[in-house]
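J.: Protein chains in written order, with the numbering used here: chain X, 2 to 368; chain U, 34 to 558; chain L, 17 to 368.
Mixed in with the good hints, there may be bad ones.
[What the hints assert, rightly or not] Calculated cross-link-like contacts (lysine to aspartate or glutamate; reagent style EDC-like; alpha-carbon spacing at most 20 Å):
#1 U:Lys474 x U:Asp513
#2 U:Lys359 x U:Asp318
#3 U:Lys304 x U:Asp209
#4 L:Lys232 x U:Asp382
#5 L:Lys232 x U:Glu337
#6 U:Lys359 x U:Glu458
#7 U:Lys304 x U:Glu352
#8 L:Lys232 x U:Asp367
#9 L:Lys49 x L:Asp315
#10 L:Lys232 x U:Glu256
#11 L:Lys232 x U:Glu103
#12 U:Lys54 x U:Asp111
#13 U:Lys402 x U:Asp367
#14 U:Lys197 x U:Glu337
#15 U:Lys304 x U:Asp316
If you're looking for bench data, these hints aren't it; they were derived computationally from the structure. Since we're looking at a predicted model, the values are computed, not measured.
In case you want the letters, here they are:
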Amino acid sequence: MTSTLVPGPTGPAARSGIARLAGTMARTWRANLAALPTLASLVIFAVMIVYGELTYGRIVQYNTLSNLLVNNAHLVIIAVGMTFVILTGGIDLSVGAVIAFSSVAGVMLANAGWNPWVVVVLMIGSGTAFGVGSGLLIQYANVQPFIATLAMMFLARGLASTLSTTPERLPEDSAIRSLATRFKIVDGERVDDLIVTPGVIIAILIVAAGFFVLHRTRTGRTVYAIGGSEQSAALMGLPVVRTKLWVYAISGTLAGLASVVYTARLGIAQNITGIGWELDAIAAVVIGGTLLTGGAGFVLGSVVGALVLGLMNVLITRDGGIRPEATTIITGGILLVFVLLQRVLTARGRGRSGESVPARPPESGLA
Amino acid sequence: MTEAPPIVEMRGVSIAFPGVKALDNVDFRLFPGEVHTLMGENGAGKSTLIKALTGVYRIDSGSILIAGQERRLHGTADAQSAGISTVYQEVNLCPNLTVGENVMLGHEVRGRFGVNWRATNRAAAEALATLGLADLDPRRPLSTISLAMQQLVAISRAMVTDSKVLILDEPTSSLDANEVEALFRVLRALRDQGVAILFVSHFLDQVYAISDRLTVLRNGRYEGEYLTRDLSRTALIATMIGKDLEALRSLESQRQAQERDRTVVPLVRAKGIGRTGSIEPTDLDLHRGEIVGFAGLLGSGRTELARLLYGADRPDTGEMEIEGRKSALHDPVDGLDHRIAFSTENRRDEGIVGDLTVRENIILAVQAKRGWARPLSRREQEGIVREYMAALNVRPADPEVPVKNLSGGNQQKVLLGRWLATNPELLILDEPTRGIDVGAKAEIQEIVAHLAGDGVAVVFISSELEEVVRLSDRIVVLKDRRKIGEVVNGPGVTAQDIVDIIAAHGAEAALASDLVDPDGKDRAA
Amino acid sequence: MSTTGTGPRHLVRRQYFWGIVAIVLLLLVNVLKDPGFLALSVNPANGNLVGNLVDILRAAAPILMIAVGMSLVVATGGIDLSVGSLMVVAGAVSMEFLKASGDASSGGVALGALGLALAVTALLGALNGILVSVVGLQPFISTLVMMLAGRGLAKVITSGQNTAASNEPFRWLANGFVLGFPVVVLLAAAVVVAVAVVVRRSALGLMIEAVGINRKASRMAGIRPRGLLLTVYGISGVLAGIAGVFATASVMTVDVSRTGYQLELDAILAVVIGGTSLAGGKFSIGGSVVGALLIATLDKTIVFLGVSSSATPAFKAAVIIVLCLLQAERVRSLFRQRRAAGSPVSKEGVAA
């Protein structure tokens, strides 16, 4: 137990400079303990870059890094959405399938001559619809989040397959493609240029917005509160029900937005798009230091996590020795390692009960 | 202390659950500027009353008046807006948020760019300072401060919303003496400011230290409201357990004083068995054919000790010898293998498997012992079930109904059947007669006596002292998570004696080793 | 046996009654289109039973396997999202083994392939079990990882190819006939019966249900949840392996992208139709059998009626959602007699 509380008179009047410095450091350390995993992910990212540069070369240059951002913008966006959901202790397994549905529907509409910006809005809106659907199932029908979003995943994927099973091509002149225009910011030698697309800008804006909401609004702090202890948050009078619905709506909306960004870049939509992307998003969030059980984590960490995964793919391709089929195993393995680490570190903090563990975790799944 | 009208008044409030009347026509008054303690044993209705005040439960009949106005409370937000704040035993705050957030979330200071954390934290610091926590940095995560401080943070939160009523539900269960003093200083300060404080606790000394007024509930009924200074400890206990002083004195032990042959090896010998945070290191001997009663108030550590004896929890200290051999019990399977059985007090969470039938519930432990590969035949099952359903008079007499459909009392009997079916050598019964009608109570007590006669060692835990005194050969008295005495039962030992031991045992006397007598000599006054 | 109509057992029975009704209705729809739909005939050349019903039964065989496995896992309060991927792993292992052995007629080789495939999936299933019970991970995350990693593993085993092999005895498992009956149907039936017998004749079924309903109480009663969970996930793995063998042997090719793809959906749907609650507890193998047959009938009906089969997954997902709502509704109406403001507070415990 900490030292006795003495209300009223404070401790020793004068404290030496060193003691005060030590106190400040200790306080900063304690306050930022939760940020440690995120810092770790930054370190991992840096290490990977260094390793990649040393082993394969041509990593630390403009075009590689640009492509990293451009090609993973959609992943960053769904990772932000997934962060919100996981922070509350929930999960959203439907993001990949929602992207598939949204992109297929969008491209078909665009091909049918609809106004491209209306199509964009509809693409985003379809994501919102799925998200709200999950939220309603979870909140009002008391369905576990992973079941509800799993069902939504099957539904979205199924609907996408209903619409089309062949690749749909976006018209060459569609305004949607403009979202993928490559702007040269820095003109390096030959192909080594720093490129940015509107998609990347959108991703950055979303990250900023996510950060703002999570750290500067009541809703955002309620998200953390729910993850810490949903029951306490309710007893504290916080709007738990509303926030949980919001969180799934956000995840769905961002999936829709990600689909816009992705389709704009690729120009093609297919019903098998996005298979496994929910795993990537979850991995990004977990690598970035967010606890799968909720309550702790940062959206910036999820960005780092997404980039880590993207960089991993780049390194694997450069290597050439690892089969592309193995990437899912590797992603899965990494996710598993991080989840195990989280489990070990949090279990140590808990008390020892003689019981064999899996206590029912707050929200996301069945124990 | 006050001439002002009560800030909270409950008139004739009743709340019923399926099979149980939790509150039966209860009256209650709370005045501003007082500390009022709600007292009662298990099942008395304290937490139900609190939940009615905090909007968690709807009342079936009667009325609640707040500041003179009748109110229907539809949830925690409602109660809070009515000026009622609650601090729960588990300090319902969010450990992953900062202190400042826990204090201010819901009424943060907002600026043009979202929440202004500097201003918010400043407001939090001010609120904390009024409770003497000026040194506490609002930016710290809540999880980094002690539980005692977290409680004060919870109180700060209540004060930030200008609460007129502060309810504290068992706030001191996990605090040490210094922290309790600090808390009480804060409470007295708040009281002097006019806040009405409703305090729920079972620690008698603390209740007497802090309260101005007491209300006692028993079995969901209102027993009385008293000024603390007018009610002696023993009178209070008597009111709580429902016997008047005269009746207490006349309750005699019905067990013959037994000569215990000291050379017989005890069935179970526990030496220094303890578990941090739940029970202090304790010595205990259990003999075949002996009924040992655990007596003590709520929170005294009876259940915790019992769990260690079964293997439901792993002890942190000490060791156990079963039939002279050192045994370590790591989980209930070990307990069962050593022919120990434990009937838990919380039958809903740890007792019945609701969707399974009565038959399946009864044979569950026997089957678990045999392992999955050796199922009991239907005939064997029916034999066991028939025997125990008849012996315990389970109603309805249909073994194929899901056990969750039975009344609480019958569920308890089914559970008892489960344990009896394992033919234990040591049977631990934690509150076996709670929620059971009088006739059934007598039946169960008879069965227990019979078992002891057959050579089974029995540990009998009950909040009803009369039962413990009537049945036990030896009574182990516990208070505040430690064993404070043992009484060998016999004619002349009454429930009053036990009450006296508990009442007399104050915090200062805790260290007095002469109160703890490992030889179990008669401690009767 | 008691017949108080509100017990969960009765509900379970009642619920898959509607599954049977649905099967009958679907068959009727087919008959409407072609009165000869239900006709069974014997092929004079080889004495085999031929007909649409036979096709349905054969198609139901793999679904039956994973549905039964899923019911056991769900009963403990968990889920196994990896069954489809374990199927393709089994297929990949067996095809690679057969191709490598090169012997197209040896029964021993066929048995070897079978054994190896099942051993691998059993191991992977046990791995799921360890992650859930010993490590304490949530079942959905560990089986989700296994789902994606498993398919990756299959692709690695076959180097990305859709490996084909020839081996008569192996092919016979899925395509052969015995006394006129399709072998695969007999095998599936045998496996289901075996599992049902083991689970219901031993105390395993009771323990599984107890753990799923109230793990704490089960532990206090002397059940060790850990070993139980390990076993259950292991069984699910083996059954998924068998399903994979069935699916692969029928065409003697493993399609690493499509085999078993999204079959978790079918397994969960079958379990839900059969009346087992996804929250855990009482389960019904018979119900899952009905569920699997319903799914096979549905698949066949869609093809028979000429409707595009790409709409089926969406339809199945919608049915799961509706059934979840109904199951939840039942829970909610039980609570409707009491309390209040928002949170479903549980009854009974009035420890003051």
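J.: Does each hint hold? Answer for all of them.
T.: Cross-check of the supplied hints:
Pair hint U:Lys474 plus U:Asp513 does not hold up; C-alpha atoms about 28 Å apart against a cutoff of 20 Å. Restraint check for U:Lys359 and U:Asp318: satisfied, since their Cα atoms lie roughly 14 Å apart, inside the 20 Å limit. A hinted pair counts as satisfied when its Cα atoms are at most 20 Å apart, and U:Lys304 with U:Asp209 does not qualify at roughly 25 Å. Distance check on the hinted pair: L:Lys232 and U:Asp382 sit about 7 Å apart at the alpha-carbon level, within 20 Å; holds.
Restraint check for L:Lys232 and U:Glu337: satisfied, since their Cα atoms lie roughly 16 Å apart, inside the 20 Å limit. For the hint linking U:Lys359 to U:Glu458, the alpha-carbon distance of about 17 Å falls within 20 Å, and the restraint holds. With a C-alpha separation of about 5 Å, the suggested pairing of U:Lys304 with U:Glu352 holds against the 20 Å cut-off. Of the pairs offered as hints, the one joining L:Lys232 and U:Asp367 holds, with about 16 Å between alpha carbons and a cut-off of 20 Å not exceeded.
Only pairs whose Cα atoms come within 20 Å are accepted, and L:Lys49 paired with L:Asp315 is accepted, the gap being roughly 16 Å. Taking the CA atoms of L:Lys232 and U:Glu256, the gap is near 36 Å; set against the 20 Å cutoff, the hint is violated. Distance hint between L:Lys232 and U:Glu103 is unfulfilled; the C-alpha atoms sit about 42 Å from each other, more than 20 Å. Distance check on the hinted pair: U:Lys54 and U:Asp111 sit about 25 Å apart at the alpha-carbon level, beyond 20 Å; violated.
In summary, the hint linking U:Lys402 to U:Asp367 is supported, as the alpha carbons are separated by about 10 Å, within the 20 Å threshold. Using a Cα cut-off of 20 Å, the hinted pair U:Lys197 and U:Glu337 is violated, with the two alpha carbons roughly 37 Å apart. Of the supplied pair hints, the one linking U:Lys304 and U:Asp316 holds, its CA atoms being roughly 5 Å apart against a limit of 20 Å.
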